[in-house]
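Q: Here's the letter readout for the chains.
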Amino acid sequence: MNEPKKSGLPDDNFQDPLEDYEPPEYADPVERALGEERVASMRITPYASVGPDTPIGEAIRQMADMHHACLLVSENDRLVGIFTDREIVDQVALEYDDVVERPIRDVMTTDPVYVHGEDTLAAAMCVMAVSGFRHVPVLSEDGRIDGIVSPQRVSEYLHGKTGVL
Amino acid sequence: MGLKENLASEPVRRLNLRPAVIVPPDATVRDGVIAMRNAHLGCVVIAGDDHKPIGMFTEGILRQLLAHDPAALDAPIGDRAAHKFPWVSLDDPIQTVLDAMQANNTRFICVVDADGRVCALTGQKGLMEYVAEHFPRQVMVQRVGSPYARQREGA
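Top to bottom, those sequences are chains A and B.
So for the first sequence, the working numbering puts the first residue at 1; every next one is plus one.
So for the second sequence, the working numbering puts the first residue at 1; every next one is plus one.
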């Protein structure tokens, strides 16, 4: 019977699965920037957040006043959902009079996809491409909201890397 | 070639274009929202019978309407749409999509054919998919056992 390991140190037979890993090399300057720069290096603030009991009508007015397409929904400093223009189209607009006073928790998207500030920009953009979410919250390692990656910020970043108008 | 050169040299038709939903200017905003909802799109293009675009109604405009004038749902969409909106041609370089998004602070770009008729939509989603093609390993990470690997259309 094997004795349980007494420490987290690898034993003599440990083989690092990443020992042969070769990081990608980028010849293209934009690919290099996206592949090496971190999410935290792009503009991820300001962002707007509300509590889950905020009435839908009030949330929409806040978004309109700030010209934001997305609200993060947080509770006790933790992200619990996201409410965007997409929810307005899909769940609110045609039912507006019936839902305007209901809490945003009823229509928000729960468990939204997110990235960390230490993820690469390429990873964040691939998250957007694969998931289809245009607004991706940025969370700290302990789960607090640090900001948001928005379409405008992505195009602003890419445009800055690829040239000027 | 790399991403920077490809953006400058590859045409818009190379993007994963979305079919545009066209509504006439005398349709109501409500009709437009129903069309957006059914097509999982964030905008509709306003055009006449000739399919030449005369306006664009986006979810951003809808948000502002609901906040300040929800009764406008029954107004003609042509009166509420943006009449200054970006468009590109199928053979323009992809970089023009990025330029148009940046210059107009929009996520949606109308694509027109050689005769100026609406033929597709593109924008942030198409551009992200194009960028992601240049990072296949990152995409693979998303697709295999990742909480990111959820699909959401049009958001």
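I should point out that these hints are in silico values taken from the structure, not numbers from a laboratory.
Treat the hints with care, as some may be off.
Simulated restraints on C-beta separations [what the hints assert, rightly or not]:
1. A:P52 / B:D113: 20 to 26 angstroms
2. A:R102 / B:D79: 28 to 34 angstroms
3. B:D74 / A:Q62: 37 to 43 angstroms
4. A:H116 / B:A103: 49 to 55 angstroms
5. A:D106 / B:P70: 37 to 43 angstroms
6. B:H51 / A:D20: 36 to 42 angstroms
7. B:E10 / A:D16: 36 to 42 angstroms
8. B:D115 / A:P23: 46 to 52 angstroms
Where is the CB? At the ideal position from N, CA and C, for every residue including glycine.
Q: Take the hints in turn and mark each one as holding or not.
A: The hints, checked one at a time:
no. : hint                                : in the structure
1   : A:P52 / B:D113: 20 to 26 angstroms  : 46 angstroms, violated
2   : A:R102 / B:D79: 28 to 34 angstroms  : 29 angstroms, holds
3   : B:D74 / A:Q62: 37 to 43 angstroms   : 25 angstroms, violated
4   : A:H116 / B:A103: 49 to 55 angstroms : 31 angstroms, violated
5   : A:D106 / B:P70: 37 to 43 angstroms  : 18 angstroms, violated
6   : B:H51 / A:D20: 36 to 42 angstroms   : 55 angstroms, violated
7   : B:E10 / A:D16: 36 to 42 angstroms   : 40 angstroms, holds
8   : B:D115 / A:P23: 46 to 52 angstroms  : 48 angstroms, holds
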